[in-house]
Amino acid sequence: MGEMTVVTRGSQITLTKGIREAAGIREGDRVILNVVGNTVVVAKRDPSVFDNLKRFLPDNFEEILKKTRTDDRKRLKRLGII
Numbered sequence: 183m184g185e186m187t188v189v190t191r192g193s194q195i196t197l198t199k200g201i202r203e204a205a206g207i208r209e210g211d212r213v214i215l216n217v218v219g220n221t222v223v224v225a226k227r228d229p230s231v232f233d234n235l236k237r238f239l240p241d242n243f244e245e246i247l248k249k250t251r252t253d254d255r256k257r258l259k260r261l262g263i264i
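Sequential numbering of the sequence shown, starting at 183, is according to the numbering used here.
Please keep in mind that the hints were generated in silico from the structure rather than gathered at the bench.
Just so you know, not all the hints are guaranteed correct.
To be verified - List of simulated lysine-lysine pairs, DSS-like, C-alpha gap at most 27 Å:
| # | residue 1 | residue 2 |
| --- | --- | --- |
| 1 | K248 | K259 |
| 2 | K199 | K226 |
| 3 | K259 | K249 |
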C-alpha cells in the first residue's frame with residue numbers, strides 16, 4: 183500500500199487515513215520511526231510487548247541484579263581493570 187503525503191516547512195508529515203487505518207494508529211498513539219536505506223518505516227509502538235517480560239527473566243533476577251550492581255571489585259577484576 184503506497185500513499186503520498188507532503189513534508190511541510192516544519193518537516194512534518196501527515197499519515198493519511200488509509201495508512202493510519204491499515205496500521206491501527208489512532209490519535210495519541212506513539213509510533214517508532216526507523217530508517218532502512220532511504221526508506222522510513224513507521225510502526226505503532228505496542229506497550230503490551232513488555233507485559234510478559236518476567237517470563238524471560240530467571241526467578242532470582244532481582245538478586246542477580248543486586249549482586250551485579252554491588253560487587254564492583256569482582257566486576258572490575260573480571261574486566262581486567264584491577
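Tested hints:
1. Taking the CA atoms of K248 and K259, the gap is about 18 Å. The hint holds against a cut of 27 Å.
2. Annotation: proposed proximity of K199 to K226 holds, straight-line Cα distance about 14 Å (limit 27 Å).
3. This hinted pair checks out: K259 and K249 have alpha carbons roughly 15 Å apart, not beyond 27 Å.
When each numbered hint is compared with the structure, no violation occurs for any of them.
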